[in-house]
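Novice: Listed below, chain by chain, are the residues.
There are 2 protein chains.
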Amino acid sequence: MEKLCRFGTNRVIEPKGVLPQAATKIDNTMIVKDNEILIDVITLNIDSASFTQIKQACNKDVNKMEEMILDIVNTRGKMQNPVTGSGGMLIGVVKEVGSAYPVSTVQAGDKIATLVSLSLTPLKIDKIHSINITNDQVHISGQAILFETGIFAKVPEDMDEHLVLAALDVAGAPAQVDKLVKEGDSVVIIGAAGKSGVLCAYQAMKNAGPNGTVIGVVNEEWQVQLLQDLRLCHSVVLADATNALEVYDKVLAVNGEQVDVTINVVNVQNTEMSCILVTKDTGIVYFFSMATSFTKAALGAEGVGSDVTMIIGNGYTKGHAELTLNLVNNAPKIKALFEQKYT
Amino acid sequence: MEKLCRFGTNRVIEPKGVLPQAATKIDNTMIVKDNEILIDVITLNIDSASFTQIKQACNKDVNKMEEMILDIVNTRGKMQNPVTGSGGMLIGVVKEVGSAYPVSTVQAGDKIATLVSLSLTPLKIDKIHSINITNDQVHISGQAILFETGIFAKVPEDMDEHLVLAALDVAGAPAQVDKLVKEGDSVVIIGAAGKSGVLCAYQAMKNAGPNGTVIGVVNEEWQVQLLQDLRLCHSVVLADATNALEVYDKVLAVNGEQVDVTINVVNVQNTEMSCILVTKDTGIVYFFSMATSFTKAALGAEGVGSDVTMIIGNGYTKGHAELTLNLVNNAPKIKALFEQKYT
Numbered sequence: 001m002e003k004l005c006r007f008g009t010n011r012v013i014e015p016k017g018v019l020p021q022a023a024t025k026i027d028n029t030m031i032v033k034d035n036e037i038l039i040d041v042i043t044l045n046i047d048s049a050s051f052t053q054i055k056q057a058c059n060k061d062v063n064k065m066e067e068m069i070l071d072i073v074n075t076r077g078k079m080q081n082p083v084t085g086s087g088g089m090l091i092g093v094v095k096e097v098g099s100a101y102p103v104s105t106v107q108a109g110d111k112i113a114t115l116v117s118l119s120l121t122p123l124k125i126d127k128i129h130s131i132n133i134t135n136d137q138v139h140i141s142g143q144a145i146l147f148e149t150g151i152f153a154k155v156p157e158d159m160d161e162h163l164v165l166a167a168l169d170v171a172g173a174p175a176q177v178d179k180l181v182k183e184g185d186s187v188v189i190i191g192a193a194g195k196s197g198v199l200c201a202y203q204a205m206k207n208a209g210p211n212g213t214v215i216g217v218v219n220e221e222w223q224v225q226l227l228q229d230l231r232l233c234h235s236v237v238l239a240d241a242t243n244a245l246e247v248y249d250k251v252l253a254v255n256g257e258q259v260d261v262t263i264n265v266v267n268v269q270n271t272e273m274s275c276i277l278v279t280k281d282t283g284i285v286y287f288f289s290m291a292t293s294f295t296k297a298a299l300g301a302e303g304v305g306s307d308v309t310m311i312i313g314n315g316y317t318k319g320h321a322e323l324t325l326n327l328v329n330n331a332p333k334i335k336a337l338f339e340q341k342y343t
Numbered sequence: 001m002e003k004l005c006r007f008g009t010n011r012v013i014e015p016k017g018v019l020p021q022a023a024t025k026i027d028n029t030m031i032v033k034d035n036e037i038l039i040d041v042i043t044l045n046i047d048s049a050s051f052t053q054i055k056q057a058c059n060k061d062v063n064k065m066e067e068m069i070l071d072i073v074n075t076r077g078k079m080q081n082p083v084t085g086s087g088g089m090l091i092g093v094v095k096e097v098g099s100a101y102p103v104s105t106v107q108a109g110d111k112i113a114t115l116v117s118l119s120l121t122p123l124k125i126d127k128i129h130s131i132n133i134t135n136d137q138v139h140i141s142g143q144a145i146l147f148e149t150g151i152f153a154k155v156p157e158d159m160d161e162h163l164v165l166a167a168l169d170v171a172g173a174p175a176q177v178d179k180l181v182k183e184g185d186s187v188v189i190i191g192a193a194g195k196s197g198v199l200c201a202y203q204a205m206k207n208a209g210p211n212g213t214v215i216g217v218v219n220e221e222w223q224v225q226l227l228q229d230l231r232l233c234h235s236v237v238l239a240d241a242t243n244a245l246e247v248y249d250k251v252l253a254v255n256g257e258q259v260d261v262t263i264n265v266v267n268v269q270n271t272e273m274s275c276i277l278v279t280k281d282t283g284i285v286y287f288f289s290m291a292t293s294f295t296k297a298a299l300g301a302e303g304v305g306s307d308v309t310m311i312i313g314n315g316y317t318k319g320h321a322e323l324t325l326n327l328v329n330n331a332p333k334i335k336a337l338f339e340q341k342y343t
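Here the protein sequences line up with chains A and B, keeping their order.
One point on numbering: in the working numbering, the residue at position 112 of the first sequence is 112, and numbering is uninterrupted.
One point on numbering: in the working numbering, the residue at position 310 of the second sequence is 310, and numbering is uninterrupted.
Calculated from the structure, these hints are not laboratory results.
Derived, one-sided and incomplete: chain B residues facing chain A with beta-carbon distance under 8 angstroms:
id, residue
1, F7
2, A22
3, V116
4, N243
5, A297
6, A298
7, E302
8, V304
9, I312
10, G313
11, G315
Quick list of in silico lysine-lysine cross-link-like pairs, DSS-like style, CA-CA up to 27 angstroms:
id, chain 1, residue 1, chain 2, residue 2
12, B, K280, A, K154
13, A, K179, B, K179
14, B, K318, B, K335
15, A, K280, B, K3
16, A, K206, A, K179
17, B, K318, A, K280
18, A, K280, B, K179
19, B, K250, A, K16
20, A, K182, B, K318
21, B, K318, A, K179
22, B, K280, A, K182
23, B, K179, A, K182
24, A, K250, B, K3
25, B, K16, A, K280
26, B, K280, A, K16
27, B, K182, A, K182
28, B, K179, A, K318
29, B, K182, A, K179
30, A, K318, A, K333
31, A, K250, B, K16
32, A, K3, B, K280
33, B, K182, A, K280
34, A, K318, B, K182
35, B, K280, A, K179
36, A, K280, B, K154
37, A, K318, B, K280
38, B, K250, A, K3
Positions of the beta carbon are idealized from the N, C-alpha and C atoms, including for glycine.
Whenever a hint applies, use it, and build me the whole structure from the sequences.
Specialist: Printed below as a string of structure tokens:
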């Protein structure tokens, strides 16, 4: 009998020996191994960085985008954008659970959302039904495999599945904010009007409490209005996040000093220095943006003699799915905003 | 009178508005402004990633390397490798201190090492005297400028200046280990036989104490011997750091479980997953290698459902220069090793 790996290395075709995420090609044969789950896929939520790249490469032509997505999946056996390296997630219905799968609470017929990246998930697409160019969702017929270490969440019966998909796509962000932000903290959120941004701002307001300060940084007028309408920040600063000195000056004008925690959720390059400059020497910068450059962050802090702690955003943390779905259910304005955009 | 910026943006030529590190060209006119220091440079310590790139691009031809370094400095006004983005540091003698420079303890004639990256330091090279191809040091005649926020350390009179330069180049690493590693911790150091590696291993042994475990991971036989001779680790594992499963299996064979803290100081790509897999879900990975990919780390942890905290190595932390020079002075075997290689 084949020895099965809990990380799914059995399915790696090339290069041999790496984990499925690092592989350029994995085996997407849709026959379930003993420690896997087989899923009938409903919708893919392509990662924002990847979807933007595909949209640009295809000049927003949906037919070309469809071709490009099919080509990636046929070549690699998974929906991992070769340019960005990123994936996304999916919702679907469990078709079969392998006999040695370690989680006993899941069974055929359950509707689930995968919480591991599509960049390592074996996927086969039979047909793309539609691509929603405004919300990164791709509706398909197809199948996927979840490994033994592949985490997932059941879709609550009282919530729209596409709302759940949209929220869980960024579930790590508010859950990490919950771990980082303490009562009385001052917090800057770069990109506060985006999908992750509003969830992070809500959680930061909750954790920082009445003695804390949450400052959103956005780069368009309508985003200022949105955040004010949603009451998700104490102050909103309109600034170009790639201009570190502008962000620094404007945040200090509002807060009087640097902040304790900065959360970066803006999908734009060259925003590392803004985060470093607005944060106290003893503070924390949490980089959630996939556009973050490791080198720019590392050398940037050293370059200005800042002792700030910089953390690489981890999309997974214990309880993140529950926290995020509860957040959406308890924040009617955010729920309405998401329903409007994603369902 | 010109308004001076403490970050040195006055000297940015293009693109306008960015900080000196992000600039492609800065003004290296060697006339000191009120909030700057002018330095007569003795030796550059090129960052390891940058030096390796230059060495490879020039096929180890020292004359070509000289040309390439001069060309970079003439074009950019600073020694920032356009491919790696990184710099290095320098030692020299203070020639002039601007009238508004905020640190009063420095004066003309002091021998100092800069602790900010060459990637943002205005530099002019009059002549390259020699390039030491084995230790990344370049001996020159030339001048450099230190900004108001540019940190530095005085070279102790009782230590060889090139030993000091070599040690301070990686001063952040052992100082961060000192902040991270607690009594009784288990620690993995990926690349433990390198310059940063031996300093980190020494500090980790000291902090973890008799109830802790320090495991070095190296990829060559002679490095195993070196670490055993230096007694810098409890165990040494010979493994390819790019092979996550090999590292995982071998570390677990030694330690019986995942470790509390992993320090990555190996200047090699694709080592993120090894670090993540060998570290406890509740542990910390500290990425000091400039070859780290933000995306691979972020998606990698999520991909295997690990809740590990991943920190971007900050080359600066308070007291790092003192800690590192004390370490070298108190560890005769490390001092002898460094003297042999760098002086």
